[in-house]
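A.B. asks: In our numbering, the protein residues as written are 1 to 103.
Label-pair distances were calculated between CB atoms; the ranges are:
1) L30 to V80: 39 to 49 Å
2) P32 to D9: 13 to 23 Å
3) E74 to T7: 32 to 42 Å
4) R33 to E67: 42 to 52 Å
5) L25 to P73: 31 to 41 Å
By construction, these hints were calculated from the structure, which means they are not laboratory data.
Each residue gets a CB set at the ideal place from its N, CA and C atoms; glycine is no exception.
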Amino acid sequence: MSADTWTIDSIAHALPSAELRQNFLREVHLTPRSELDAVLERWEQVAIRWTEEEAPRIERARTHYAEHGTLPPEYEGEPVEEAQRNFEAWRTRMREQKGSSAA
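Construct the complete structure from the given sequences, taking the supplied hints into account.
C.D. replies: Following this line, the structure appears as structure tokens:
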């Protein structure tokens, strides 16, 4: 998404969790007008990084885990148990968020 097409709504929807979206919206609503452009630029960069880098990386790891039952080889540098715990915690949070949004 180019810089001209980002809106408050599109930034909020690009953020990966309800907590981040709420933090973003709270900050936008409480920031003085003179500082709003800087706040929006910072959050836009968060949204861009998430959509272009982090989300695809996590999706690749999730797909690999679903197919093989292990994390991808690129995660071998990390202690395997810690990486798997982190992945499981992330997967649990995503499932909980899906469940709470379905209600």
